[in-house]
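Enquirer: Sequence:
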Amino acid sequence: MATCNKKELLIGVVMLGVALGYLLMTLQLPGHSGIDAAFVPTLLSAMLCLLGALQLFSAFTSVPANVAPSDSESDAAPAERSDVATVIKTLTLIVGYVALLNPVGFPIMTAVYLYLQFVVLTPLDTRCNHLLYALIAVVTSALIYLLFREAFDLMLPSGLLPF
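Position in the sequence shown (from 1) plus 23 gives the number in the working numbering.
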């Protein structure tokens, strides 16, 4: 088995192990009839188990690519730096989102976070469509807030908004 497949296999095993542990913890949550606080964690853990199984299946069925010549290593270095910068920016956005969620509120912070995350994840050679990003962020934030408030009857922090 090639080194690449061993890494993919290890990732799949770890992902499936974490998913099964998470599933066992969510099954210990007290349940009620219908949709309750245990529904979303159970759903997420089931999806994570599915992703882990797909990762394992992919590791066993994929054919390893041949190692490219050393010329491609110089091309990969800028992309790798860009990936590290994107991860650092994403982690910074997550920390800022969590820190400001309660005082500013879910609707505003989620819209701001989504917009900034869209900008961060836009490839460098692609022009950002700021209007579309802002529209998607605001609509998504409002829909999620209303879904939790009206359908699940769970209050999210409204922060600066008067409702």
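No lab work stands behind these hints, which were simulated from the structure alone. Where is the CB? At the ideal position from N, CA and C, for every residue including glycine. Check the hints yourself; a few may be wrong.
Label-pair distances were calculated between CB atoms; the ranges are [said to hold, decoys possible]:
1) F171 to K29: 38 to 46 Å
2) T115 to P146: 30 to 38 Å
3) F171 to K112: 22 to 30 Å
4) D176 to K30: 42 to 50 Å
5) A157 to L32: 40 to 48 Å
Enquirer: Hint by hint, say whether it matches the structure.
Expert: Now for the hints, and whether the structure bears them out:
1. F171 to K29: 38 to 46 Å: holds, 42 Å
2. T115 to P146: 30 to 38 Å: violated, 19 Å
3. F171 to K112: 22 to 30 Å: holds, 27 Å
4. D176 to K30: 42 to 50 Å: holds, 44 Å
5. A157 to L32: 40 to 48 Å: Check passed, 42 Å falls within 40 to 48 Å.
Hint 2 from the list above is the single one not met by this structure.
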